[in-house]
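Q: Model the full structure from these sequences, guided by the hints.
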Amino acid sequence: MSAGVAVPTGWVGRSLRRIEDPALVRGSGRFTSDLPAALWVRFVRSPVAAGKILRIVAPPGARMVTAADLAAVGPIRPMLHKFNYVPIEQRVLAADVVRFVGEPLAAILAPSREEAEDLAERVHVEIDATSAIVDAYAAIAAGAPLVHAQARGNIIVDARVATPGFAAASAAARHRVRLRIRSRRQNALPLEPRAAHAAWDPVERRIILHCSTQMPHLMRTIIAQLIGMAESGLRVIAPDVGGGFGQKMSLAAEYVVVAWLARSLRTSVAWTEDRRENLIASFHARDQHIDLEGMFDDAARLVALRADVLANVGAYACYPTTGAVEALMAMAEMPGPYDVRDYSCTARGVLTHTCPMAPYRGVSRPVITFAIERLMDKAAAAFGIDAPTIRRRNLVRAFPYTTATGLVFDEASYVETMDAAVLAADLPAFRARQAAARLQGRYLGIGMSTFCERTGYGTPAFAARGMDVTPGWETVVLGIDPSGCVEARIGSSPHGQGLRTALSQIIADELGVSPERVTVVHGDTDRTPYGWGTFASRSLVIAGGAALMAARKVRAKLIGMAADLLEAAPEDIVLGDGVARVSGTDRAMAIDALARAAYHQTHRFKGTFAPGLAESATYDPPGTFSNACHIALVEVDIETGRVGIEKFLVAEDAGRLINPMIVDGQIHGGVAQGIANALYEEVIYDAGGDILTATLADYLPPTAREIPPIALHHRETLTEASLTKAKGVGEGGTIGAPAALINAVNDALAPFGVSIDEIPATPQRIRDALRAAAAAKA
Amino acid sequence: MKPAPFQYHAPRSLQEAVAILAQVAPADGRVLAGGQSLVPIMAFRLARPSHLVDINGIEALARLAVENGKLCIGACVRHAAFERPVVEGPLGRLLAMVVRHIAHSPIRARGTFCGSIAHADPASEWCALVAALDGEIVATSVRGARVIAAGQFFAGIMATALAEDEVLTEVRLPLLAPDTRCGFYEFNRRAGDFALAMAVVHFRLVEGRMFKPRVAIGGAETHPRRVAAAEAALAANAPSPRVFADAAARAARDVEPLEDAQTNAQYRRELVVAVTRRALEAAL
Ligand SMILES: Cc1cc2nc3c(=O)[nH]c(=O)nc-3n(C[C@H](O)[C@H](O)[C@H](O)COP(=O)(O)OP(=O)(O)OC[C@H]3O[C@@H](n4cnc5c(N)ncnc54)[C@H](O)[C@@H]3O)c2cc1C
Numbered sequence: 030m031s032a033g034v035a036v037p038t039g040w041v042g043r044s045l046r047r048i049e050d051p052a053l054v055r056g057s058g059r060f061t062s063d064l065p066a067a068l069w070v071r072f073v074r075s076p077v078a079a080g081k082i083l084r085i086v087a088p089p090g091a092r093m094v095t096a097a098d099l100a101a102v103g104p105i106r107p108m109l110h111k112f113n114y115v116p117i118e119q120r121v122l123a124a125d126v127v128r129f130v131g132e133p134l135a136a137i138l139a140p141s142r143e144e145a146e147d148l149a150e151r152v153h154v155e156i157d158a159t160s161a162i163v164d165a166y167a168a169i170a171a172g173a174p175l176v177h178a179q180a181r182g183n184i185i186v187d188a189r190v191a192t193p194g195f196a197a198a199s200a201a202a203r204h205r206v207r208l209r210i211r212s213r214r215q216n217a218l219p220l221e222p223r224a225a226h227a228a229w230d231p232v233e234r235r236i237i238l239h240c241s242t243q244m245p246h247l248m249r250t251i252i253a254q255l256i257g258m259a260e261s262g263l264r265v266i267a268p269d270v271g272g273g274f275g276q277k278m279s280l281a282a283e284y285v286v287v288a289w290l291a292r293s294l295r296t297s298v299a300w301t302e303d304r305r306e307n308l309i310a311s312f313h314a315r316d317q318h319i320d321l322e323g324m325f326d327d328a329a330r331l332v333a334l335r336a337d338v339l340a341n342v343g344a345y346a347c348y349p350t351t352g353a354v355e356a357l358m359a360m361a362e363m364p365g366p367y368d369v370r371d372y373s374c375t376a377r378g379v380l381t382h383t384c385p386m387a388p389y390r391g392v393s394r395p396v397i398t399f400a401i402e403r404l405m406d407k408a409a410a411a412f413g414i415d416a417p418t419i420r421r422r423n424l425v426r427a428f429p430y431t432t433a434t435g436l437v438f439d440e441a442s443y444v445e446t447m448d449a450a451v452l453a454a455d456l457p458a459f460r461a462r463q464a465a466a467r468l469q470g471r472y473l474g475i476g477m478s479t480f481c482e483r484t485g486y487g488t489p490a491f492a493a494r495g496m497d498v499t500p501g502w503e504t505v506v507l508g509i510d511p512s513g514c515v516e517a518r519i520g521s522s523p524h525g526q527g528l529r530t531a532l533s534q535i536i537a538d539e540l541g542v543s544p545e546r547v548t549v550v551h552g553d554t555d556r557t558p559y560g561w562g563t564f565a566s567r568s569l570v571i572a573g574g575a576a577l578m579a580a581r582k583v584r585a586k587l588i589g590m591a592a593d594l595l596e597a598a599p600e601d602i603v604l605g606d607g608v609a610r611v612s613g614t615d616r617a618m619a620i621d622a623l624a625r626a627a628y629h630q631t632h633r634f635k636g637t638f639a640p641g642l643a644e645s646a647t648y649d650p651p652g653t654f655s656n657a658c659h660i661a662l663v664e665v666d667i668e669t670g671r672v673g674i675e676k677f678l679v680a681e682d683a684g685r686l687i688n689p690m691i692v693d694g695q696i697h698g699g700v701a702q703g704i705a706n707a708l709y710e711e712v713i714y715d716a717g718g719d720i721l722t723a724t725l726a727d728y729l730p731p732t733a734r735e736i737p738p739i740a741l742h743h744r745e746t747l748t749e750a751s752l753t754k755a756k757g758v759g760e761g762g763t764i765g766a767p768a769a770l771i772n773a774v775n776d777a778l779a780p781f782g783v784s785i786d787e788i789p790a791t792p793q794r795i796r797d798a799l800r801a802a803a804a805a806k807a
Numbered sequence: 005m006k007p008a009p010f011q012y013h014a015p016r017s018l019q020e021a022v023a024i025l026a027q028v029a030p031a032d033g034r035v036l037a038g039g040q041s042l043v044p045i046m047a048f049r050l051a052r053p054s055h056l057v058d059i060n061g062i063e064a065l066a067r068l069a070v071e072n073g074k075l076c077i078g079a080c081v082r083h084a085a086f087e088r089p090v091v092e093g094p095l096g097r098l099l100a101m102v103v104r105h106i107a108h109s110p111i112r113a114r115g116t117f118c119g120s121i122a123h124a125d126p127a128s129e130w131c132a133l134v135a136a137l138d139g140e141i142v143a144t145s146v147r148g149a150r151v152i153a154a155g156q157f158f159a160g161i162m163a164t165a166l167a168e169d170e171v172l173t174e175v176r177l178p179l180l181a182p183d184t185r186c187g188f189y190e191f192n193r194r195a196g197d198f199a200l201a202m203a204v205v206h207f208r209l210v211e212g213r214m215f216k217p218r219v220a221i222g223g224a225e226t227h228p229r230r231v232a233a234a235e236a237a238l239a240a241n242a243p244s245p246r247v248f249a250d251a252a253a254r255a256a257r258d259v260e261p262l263e264d265a266q267t268n269a270q271y272r273r274e275l276v277v278a279v280t281r282r283a284l285e286a287a288l
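The listed protein sequences correspond, in order, to chains D and W.
Counted the way the numbering used here counts, the first sequence spans residues 30 to 807.
Counted the way the numbering used here counts, the second sequence spans residues 5 to 288.
Since the hints were made in silico from the structure, they are not lab data.
Bear in mind the structure is a predicted one, so any value in this text is a computation, not a measurement.
Virtual Cβ for every residue (Gly too), placed ideally from N, Cα, C.
Warning: the hint list may mix true and false statements.
[Stated by the list, open to error] Computed from the model, here is a short list of chain D residues facing chain W with C-beta under 8 Å:
#1 E146
#2 Y709
#3 I713
#4 G717
#5 L729
#6 T791
A: Quick look at the structure:
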């Protein structure tokens with residue numbers, strides 16, 4: 030069932046101001062680094078990309094720990110049980126060899142952060158440097174040095190799929206379009222860098238670890254496991270978290286060291302990463318090559334698709350998603366929203382002497398969307414049809430749809446959403462403007478991307494990857510206290526998305542109270558049920574679904590109790606405005622009073638009700654695909670290579686919009702990061718593995734002045750695959766923007782016969798391409 | 005990401021400042037002006053001066069005045085002072101046009117004109133402007149004051165004719181004749197970034213021909229400078245697309261481009277062509 034956007038009848042669908050914001054905008058947010066500590070840690074990091082550690086000598090009087098002190102702490106060893114995965118180990122402090130510039134070697138302790146930094150600088154490190162491998166293709170070349178001895182050819186994962194009909198379909202195809210794309214390396218760049226603060230609690234005799242994380246429960250599990258302690262001996266708190274984008278989903282080795290230090294020294298120990306550390310040694314993302322070939326029939330329909338994916342994994346595998354996450358997601362989702370029955374893919378993850386990779390907003394999908402959307406535009410050009418037409422011929426129209434890799438697309442609006450975007454962009458008017466501008470030597474371009482995004486997926490989806498740690502479900506414990514206040518304790522852990530606000534809207538509607546009555550508690554392993562956290566565009570879908578389930582249970586109980594006390598049939602009880610009333614009468618009772626009775630006056634009920642008003646629910650959904658179409662209008666300055674973005678437009682179908690303002694914010698921020706990926710940000714290593722983008726003077730995130738106005742259009746397809754009918758929308762902006770922008774750049778440059786297939790498409794890369802094309806013509 | 009330890013001095017007079025500087029300069033003592041270049045490199049520990057001589061408390065250095073047909077800019081005059089024309093005529097307009105390209109407004113509120121000249125970043129807009137205008141730089145030390153011509157001042161990447169015990173007390177720019185045409189163009193990746201190439205140009209039109217044309221290129225080489233070959237292509241010619249293109253091509257041929265991880269020489273030359281031509285077009 031598709032529609033425009035529904036008019037809200039309750040709290041859901043309203044752009045409520047975020048509950049989270051008053052504290053944050055007034056500077057009274059609470060962050061890990063705000064906590065006082067007895068000792069501060071500064072990590073001494075490897076200055077070389079590869080080598081054998083000979084000596085690490087602390088300056089006289091300094092307190093330092095190295096791998097030798099941490100011998101009892103287990104290595105991080107993420108595991109996958111499929112796709113020829115080779116497990117590799119990472120010691121939390123490098124033991125014998127170093128594998129990337131920035132790898133932590135030792136921890137210096139001092140009473141202040143400043144003193145620790147001064148001391149760390151005086152640590153004497155001797156490393157016998159060996160040759161480093163930086164590029165993914167170089168890493169798989171014969172004779173390349175091995176990053177880990179057990180991963181032969183530096184390959185950590187080697188996955189293949191092919192549909193039975195692929196070979197025949199491919200051989201029979203009459204038209205082939207092939208391209209190679211490359212996405213350079215990015216850093217997720219959260220505003221708050223990573224931080225951990227661990228304190229020994231002498232009364233409870235355990236560690237309280239505050240840290241900037243997206244997954245507090247899993248952090249407790251893995252850190253306790255590595256240190257070799259009971260989980261009950263560790264409480265993890267994620268206070269306000271200033272952005273994560275995936276970078277704070279993966280386990281930071283540094284957090285383990287901080288927790289271990291507090292436990293060993295029976296004191297409080299803190300570490301806050303600085304920006305340089307974040308840029309060189311926090312997780313990177315995106316570094317991928319894709320070779321893609323599309324086989325088309327005479328009607329420009331894609332009949333078969335072949336892909337080869339090479340993902341640079343860096344020096345270690347990230348926990349919990351492993352070093353396979355990028356390659357496997359690329360393999361599973363490469364065909365995108367298109368109806369192609371035959372598919373073959375090889376996908377490899379490759380180790381190099383570079384900072385480890387971890388999921389970053391969109392994971393592989395910004396790159397694969399870039400690949401397949403470039404393919405569609407190239408095919409359209411070959412067939413002499415326009416970009417919307419080739420997509421219209423290939424987009425999936427009938428749902429549910431099972432893809433060549435076995436994913437099931439739930440109800441969506443691929444064609445309708447694209448048509449809405451194309452209409453809003455006014456293609457004919459743009460083409461006229463473009464033609465006029467070309468006559469004046471100005472090069473305007475329009476580009477689009479259509480994609481669907483798997484969101485809110487539960488256990489089976491992760492299990493399909495063979496992950497040893499298989500996330501999926503979420504639990505919500507929802508209670509009304511005797512004063513009538515509602516509290517939802519959630520296992521998921523937002524870090525800036527406004528989830529508290531959105532969940533309170535869902536719960537308020539169900540219980541007939543206002544959202545101010547609802548408190549959402551998260552990010553504390555003592556106060557919340559076990560859960561996974563925020564990643565993979567899942568929290569609103571899964572924690573929201575669980576909240577709805579729990580609220581329905583509480584609602585049923587409230588109705589039962591109200592019916593009992595008001596002497597009416599349960600079907601006649603209506604909850605709303607904080608009151609339970611018998612419909613069509615003036616008999617009513619405040620929900621507060623019902624709550625009071627549920628705890629303090631249970632004798633008043635004729636029926637039997639368990640005392641209290643608290644319920645728990647767990648939701649583990651199949652997954653739901655949101656979809657969108659992005660359109661970018663750009664102007665390329667052919668003399669300097671600069672790309673100016675005139676306008677950016679997004680038509681999105683994320684199912685039911687719980688809080689449209691928050692959805693818009695997610696798309697705006699995502700598009701900004703997509704623009705970064707397409708045009709600006711690039712982590713650069715030199716051939717020896719030294720990192721050249723260690724400051725924000727070299728690594729260039731776009732600023733407010735580079736981000737154009739973004740026009741948004743919504744559709745709401747109400748899917749059966751999500752309890753709240755909401756689809757995930759956390760990553761879509763990032764996924765679609767690079768493809769649309771680069772297609773627009775190529776449209777602008779069409780008269781020159783160049784094809785820009787590498788991102789970021791920096792001005793220099795564009796000039797290099799134009800110059801090469803001019804030389805070829807001459 | 006915090007500076008290595010240093011000693012801080014806050015003199016109240018120029019005399020006091022140069023006296024302290026004379027003492028501490030041999031131990032890498034440095035002047036602290038707006039701190040917008042020095043403090044970041046200290047935080048990265050790329051610079052670790054053992055002493056800082058903060059000149060911000062010296063009132064006499066906040067002077068901004070016209071004297072003998074020259075605009076005199078004291079060492080404590082901030083970038084932001086130029087956001088509105090400080091003198092009537094083309095010079096005030098040129099300064100106001102250029103200042104918008106320097107960093108972002110909080111940095112402009114603190115950073116100083118003279119600090120930019122002393123720091124001599126290859127891509128400093130003020131350095132290119134001082135080169136284009138043949139400005140004068142006044143350097144003061146316990147040994148007295150001396151005046152250095154712009155053409156003799158810039159010596160390389162962040163290298164100048166300033167001695168380590170000298171305070172750059174003032175920069176003097178000639179007021180431009182009312183009919184002077186000025187143009188500026190720069191190319192950078194993001195608004196407010198240091199430019200990859202820039203051009204500052206000015207000339208007068210006498211009977212339709214360019215008189216005393218000046219073309220200074222910044223950002224492309226170790227330090228900004230006037231490019232005689234480009235100026236010669238303009239002199240005594242009437243402005244035209246062909247003449248401008250010729251001057252731009254000569255400028256590009258003349259430069260020895262800096263290269264870095266994100267910028268190759270060929271690309272920088274192409275940028276020099278673009279910025280020179282566009283600055284000339286803007287001047288018309
Ligand atoms: C994010 C960012 C972006 C920037 N972008 C630009 C830009 O686009 N263009 C640009 O030109 N600049 C840019 N800057 C630099 C800024 O303009 C600085 O203000 C300027 O370069 C130095 O001036 P200052 O007064 O801040 O000097 P300081 O930082 O205090 O000093 C810089 C150096 O000059 C020396 N010095 C300063 N004043 C004197 C003096 N009077 N006598 C002797 N020595 C002196 C100091 O000892 C030091 O070595 C940027 C800075 C930042 C942080």
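Q: May I ask which of the numbered hints given earlier this structure violates, with the numbers listed in increasing order?
A: Per hint list: single violation, 4.
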